[in-house]
Amino acid sequence: MEQTTNTIEIEDLRLAYGVKEVLHGVTLNIHRNEIFSIIGPAKSGKTSFLRCLNRTIDFISQATVSGTIRVDGEDILRLKDIYHLRRKIGMVAPLPVGLPLSIFDNVAFAPRCAGLTQKTDLAEIVERCLKQAALWDEVKDRLNTLGTALSGGQQQRLTIARALSHQPEILCLDEFSIAIDPVTTMRIEDVLKELRKEITIILVTNLTQQARRLADRTMFLLNGDCIEIDRTEIIFSDTPGNRKTYEYVNGIFG
Amino acid sequence: MNKEVNTDIVRPKQIPRRAFAAIAGEKLIELIIRLSGVSAIIFVLAIFFFVFREALPIFFSDHFDLFKFLFNTQWYPTSAVNVRYGTFALTVGSISITFLAMLIAVPFGLGSAIYISEFCGPKQKESLKIIIELLAAIPSVVWGFIGLTVMSRMIISITGAPVGVNLLNGGIILALMSVPIIVSISEDALKAVPDSYREAALALGATRWQIVYRVLLPAAKNGLLAAVLLGVGRAVGETMAVLMATGHAVQIPHGLLDSVRTLTANIAAELGEASVGSDHYHVLFLTGVLLFLLTFAVNLTADFVIRGIRRK
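Read top to bottom, the protein sequences are chains A and B. Counting the first sequence from 1 gives a position; this note's numbering is that position plus 21. Under this note's numbering, the second sequence has 212 at position 219, and the numbering climbs by one with no breaks.
Read the hints as simulated data drawn from the structure, not as lab findings. In this text the structure is predicted, and so the values were computed from the model without any measurement. Cβ atoms here follow ideal geometry from the backbone N, Cα and C, with glycine treated the same way. A portion of the hints provided could be inaccurate.
Okay, the calculated bits of chain B under chain A, using three or more residues with CB under 8 Å as the criterion [said to hold, decoys possible]:
(1) 148 to 159
(2) 261 to 270
Facing chain B, a subset of chain A residues (Cβ under 8 Å, in silico) [to be verified]:
(3) Arg107
(4) Arg108
(5) Met112
(6) Ala114
(7) Pro121
(8) Ala131
(9) Cys134
(10) Ala135
(11) His187
(12) Tyr267
No farther apart than 27 Å at their CA atoms in a straight line, the calculated lysine-lysine pairs in the BS3-like style are these [to be verified]:
(13) B:Lys122 / B:Lys61
(14) B:Lys116 / A:Lys101
(15) B:Lys61 / A:Lys101
(16) A:Lys41 / B:Lys214
Take the sequences, apply the hints, and build the full model.
Structural data, given as structure tokens:
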């Protein structure tokens, strides 16, 4: 059953910056409509992994990627139309990057890049995405003010709304909660649980408890090696497959 | 033993002395820095004061009328029977040639800055930057010479105009002179846009060109405007090249192929011939004041524009 519902299939993914290899052959499948979390200490290659997924790795000179990543059966490392791929994947960065545009234009950015110009369509998308990101009520009266003038937590929700604006099939969140307060974090987590019905979510997080709360399955990445992938209950149980996993999630490690 | 004691005694004496010297030195440096900062204000005011003082006697002359000075097109400062000091044609000459130069230089300058900062590879980037700096290092008299000979002949053979030194010639020469400034400053402005903006836009599926005009241009607009303004400043103030390339005829131009004279070129050409203390001499200084006010107006509007953008 699992085999047919894979949305991302990754085989022996290796990534090197210059001569330094940071991902040593990661192999995994991510299922459709699951929340898949990636945990691991700093410098484990979590962010690099996400960069490979939407091919923004291309813009880092000296980065070399090998292996295969198939998204819906398409080998994206050899793909020509990377813009189509990036529209399929929504990405949320650790620190909110509000583009220096109005709130409306921030959310309408991706649809506009994709060629949508009808004002009414754009307004509809903006409203839907802002509602999905639990930001609509706070900003609906000032959609024309600068997005960068919002507070940190609001900006982060703005970037989530923006990531949803091109109706992605996969949403990647890279430590989305490090700049925002716990209350907002919980609100966004509720949003993610809601979104799970429609899209696949990949969640990179430093908060192991967040992974435990949200994720269906969890991968433990350590220094570029995939230590363990399993159902979240097992990863956080007393008897995960690997001793290091137990030590990491219980804070003994490092 | 004795020697050791001696050095111990000497050291405490030396240390306070050094500290005093260090403090005094620091104060001195601070004073010099402060002076050089304030000097900019003093120089500007002093220049304005002296230029205006030289111009002042003209207001008490019988032949002078401020309204005619600003809005009359007739410039006959050495006429024996009917002296006329109308600078309107010169002002229009300066403005039109600056406008034309910017019309050419801004698209080219911004275009190459965008290319250098966003599209080309690192090796090409280095060589392009060096070449553009070389372009900035060419003295203005050499540009004027190129206008007078090469450009002039080209314009005559292409357009069939009777004279090659005209508005078009001067505009192109001035544009070439302003491009290096515009390129290097706007490239800096684009470089200052955080990479995270580029990455965010990329992740949203934007193409490189979409990143440029949807993200980079709005983000860098202040710096880009500053670049354009410095270009304008260069074009308004340039003297030697326009003196050689524009034909130096006092008239309001009706087309690109008419010769013009600018305020700057007029001063440069006539000041040497005007006898010190004559009306002609004073009126040339007043032209200088006019030029000063013109550039001041340009800078002020730019300032307001930038503030307007910021508030938005």
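Structure-based check of each hint:
1. 148 to 159: violated (count 0)
2. 261 to 270: That given contact is violated, which follows from only 0 residues of the segment 261 to 270 of chain B lying within Cβ reach (below 8 Å) of chain A.
3. Arg107: holds (4 Å)
4. Arg108: Nearest chain B Cβ about 4 Å off; hint holds.
5. Met112: holds (4 Å)
6. Ala114: holds (7 Å)
7. Pro121: With Cβ-Cβ at 5 Å, under 8 Å, it holds.
8. Ala131: holds (4 Å)
9. Cys134: holds (5 Å)
10. Ala135: This hint holds: Ala135 of chain A lies near chain B, its Cβ roughly 6 Å from the closest one there, short of 8 Å.
11. His187: It holds, given that the least Cβ distance between His187 of chain A and chain B is near 6 Å, below 8 Å.
12. Tyr267: violated (34 Å)
13. B:Lys122 / B:Lys61: Roughly 47 Å separates the two Cα atoms, so the pair is violated.
14. B:Lys116 / A:Lys101: Given pair Lys116 of chain B, Lys101 of chain A holds - Cα atoms ~25 Å apart, limit 27 Å.
15. B:Lys61 / A:Lys101: violated (68 Å)
16. A:Lys41 / B:Lys214: Since the Cα atoms of Lys41 of chain A and Lys214 of chain B sit roughly 38 Å apart, the hinted pair is violated (cutoff 27 Å).
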